[in-house]
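As you go down the protein sequences, you meet chains A and B in turn. All the letters of the first sequence, read from the start, carry residue numbers 21 to 367 under this note's numbering. All the letters of the second sequence, read from the start, carry residue numbers 23 to 162 under this note's numbering.
A hint or two may mislead.
Said to hold, decoys possible - Partial chain B-side listing against chain A, Cβ under 7 Å, derived:
1. 59
2. 63
3. 116
4. 119
5. 120
6. 142
7. 145
8. 150
9. 152
10. 153
11. 154
12. 157
What the hints assert, rightly or not - Ranges of calculated distance between the beta carbons of each label pair, as one might list FRET restraints:
13. 143(B) <-> 90(A): 38 to 46 Å
14. 70(B) <-> 352(A): 54 to 62 Å
15. 139(A) <-> 149(B): 36 to 44 Å
16. 70(B) <-> 179(A): 51 to 59 Å
17. 238(A) <-> 116(B): 50 to 58 Å
18. 178(A) <-> 70(B): 14 to 22 Å
Don't read these hints as lab results, they were simulated from the structure. Computed from a predicted model, the values in this text were never measured in an experiment. Glycine included, every Cβ here is placed at the ideal spot set by N, Cα and C.
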Amino acid sequence: MIGARDLVSAGAPLGGGARADVRRPIPTADPIVPLSHTATSMGGRLMVYLDAEAVRSAEASRASAAVVARVESWAARLTRHSDASELSALNADPRDEVPVGPTLAAVLRAGRSAIGQSEGLADITLLDERLAAEGLAVEGPAADRSLVEAALHVSRAFDWSMVPGPRGTAVVRRPAGLRFDLGGIGKGWIADRALRLLADWPSAVIDADGDLAIRCAPGKTWEVAVDDPRAPETTLAVLSLAAAAGLPARWGVATSGISIHRWAVGGQMRHHLIDPRTGSPAVTDVTQATVIAGSALRAEALAKAAVIAGSAGGLALLERAGVRGAVVLTERGETLALPQTLPLLGS
Amino acid sequence: MEEIDPRPGELSTPNRRPPVTPQTAHPPRAKPDARPMRVALGAGGLAALSALLTAIVVPARSPVAAPSDYPQADAGVSGTPIMVQRPIQYIQLQPGQTAPPGATVIDPAAPQPTAVVISVPAPAQKPIVIRTTQSGRVIP
Chain A
21 MIGARDLVSA GAPLGGGARA DVRRPIPTAD PIVPLSHTAT SMGGRLMVYL
71 DAEAVRSAEA SRASAAVVAR VESWAARLTR HSDASELSAL NADPRDEVPV
121 GPTLAAVLRA GRSAIGQSEG LADITLLDER LAAEGLAVEG PAADRSLVEA
171 ALHVSRAFDW SMVPGPRGTA VVRRPAGLRF DLGGIGKGWI ADRALRLLAD
221 WPSAVIDADG DLAIRCAPGK TWEVAVDDPR APETTLAVLS LAAAAGLPAR
271 WGVATSGISI HRWAVGGQMR HHLIDPRTGS PAVTDVTQAT VIAGSALRAE
321 ALAKAAVIAG SAGGLALLER AGVRGAVVLT ERGETLALPQ TLPLLGS
Chain B
23 MEEIDPRPGE LSTPNRRPPV TPQTAHPPRA KPDARPMRVA LGAGGLAALS
73 ALLTAIVVPA RSPVAAPSDY PQADAGVSGT PIMVQRPIQY IQLQPGQTAP
123 PGATVIDPAA PQPTAVVISV PAPAQKPIVI RTTQSGRVIP
């Protein structure tokens with residue numbers, strides 16, 4: 021675990037709109053030293069943690085800064101909040117067959133797999149429903165569909181495909197008017213992809229605004245605090261994620277919920293997790309779900325699905341999915357976990 | 023038309039069978055009444071079926087989380103007691119049947135529980151740098 025006292029700030033702002041704070045370790049006798057790199061990206065925080073030999077600390081700082089720059093580049097392509105992004109261009113394109121670049125193609129493929137992994141609940145085709153929930157006027161499908169309309173939409177969510185092209189590109193085939201919102205799926209993909217950039221570092225963590233991609237060297241344990249949304253800086257549970265003796269380990273941790281990203285429309289509180297079965301913000305008794313899996317993308321998709329499904333259905337879904345662990349906070353104040361989480365719960 | 027020789031002991035012309043007199047005819051033998059046996063077998067089958075239904079046990083692969091059922095204290099990783107809800111075996115009864123002593127009976131109309139959960143105790147609040155959180159923010 022990285023202790024805040026082990027770090028000193030050597031701040032260095034980055035270009036491209038990112039604010040970064042590189043922290044270098046205080047020299048110690050330990051040959052392995054932790055290093056962290058903080059930036060603002062994707063509308064939230066981006067953090068890179070890695071363990072490096074003391075002699076490689078400068079190299080590690082450069083590697084972390086390179087990761088931040090790549091993440092900024094990916095986020096600029098994948099955001100729906102900029103008209104200049106590749107995602108916005110796809111959504112605005114009137115054609116039903118649209119060529120896309122390799123990054124967007126990779127994330128769309130990941131999003132398509134997430135739909136299947138989450139039994140249809142983590143759906144990246146719900147942009148119009150999301151905008152409707154935000155109270156923004158949209159043409160096309162509106163919130164609060166009839167059951168028939170909802171069923172038609174669920175079937176439509178799978179009615180798009182991608183034809184592979186050269187060098188990772190693809191052509192997206194979709195029904196007319198189908199638009200994409202990558203949301204947390206994009207962050208999960210970015211976390212996993214960014215960790216691959218740090219392949220030379222056996223112990224590293226990418227924190228993409230709460231979605232974590234983690235690599236553990238043998239003998240290493242990363243401690244992860246599950247945030248308690250009811251009070252700032254408090255912890256719901258502590259996860260100790262380690263590697264088995266002699267073998268490296270890969271973990272993904274993601275948290276989704278309805279108590280942070282919310283807003284009022286017409287006097288009613290709404291949140292950002294759209295239930296594809298209704299086209300509206302999910303009605304659920306789960307305030308927050310944290311999933312531990314093999315990748316950040318999978319953890320993100322399943323955490324979102326668990327919130328949308330509610331506590332009973334969500335825990336059952338997570339069990340069917342074979343997750344490594346899950347911590348669920350209900351609106352009744354219960355903190356529940358699947359049994360396989362027990363060995364991961366630290367002090 | 024070719025005529026076939028009759029077999030030994032058979033009449034060559036069936037039409038000429040001699041009349042059977044009442045003295046030589048045997049009265050039809052009375053068969054035993056099957057109804058009592060059928061009733062007995064049916065009752066036995068019903069009893070066996072009833073016993074089977076009474077003893078249907080939900081297998082452990084579909085356990086139930088019931089907060090008040092058999093809580094047991096386990097030592098967690100940190101040694102902090104954690105209330106763990108064990109898989110529970112239930113008996114589902116037919117109307118009119120009585121549960122064995124100590125058995126837990128569930129309502130067959132109740133939704134089937136599907137997951138065992140554990141209650142997570144509040145951890146010690148200590149500073150940990152890496153945190154997993156919900157993303158986004160409250161928009162006024």
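Here's how the hints hold up against the structure:
no.	hint	result
1	59	violated (50 Å)
2	63	violated (43 Å)
3	116	violated (27 Å)
4	119	violated (28 Å)
5	120	violated (30 Å)
6	142	holds (4 Å)
7	145	holds (5 Å)
8	150	holds (4 Å)
9	152	holds (5 Å)
10	153	holds (5 Å)
11	154	holds (4 Å)
12	157	holds (5 Å)
13	143(B) <-> 90(A): 38 to 46 Å	holds (40 Å)
14	70(B) <-> 352(A): 54 to 62 Å	violated (45 Å)
15	139(A) <-> 149(B): 36 to 44 Å	holds (37 Å)
16	70(B) <-> 179(A): 51 to 59 Å	holds (53 Å)
17	238(A) <-> 116(B): 50 to 58 Å	holds (57 Å)
18	178(A) <-> 70(B): 14 to 22 Å	violated (49 Å)
Consistency with the previously given hints fails for numbers 1, 2, 3, 4, 5, 14 and 18, ordered from lowest to highest.
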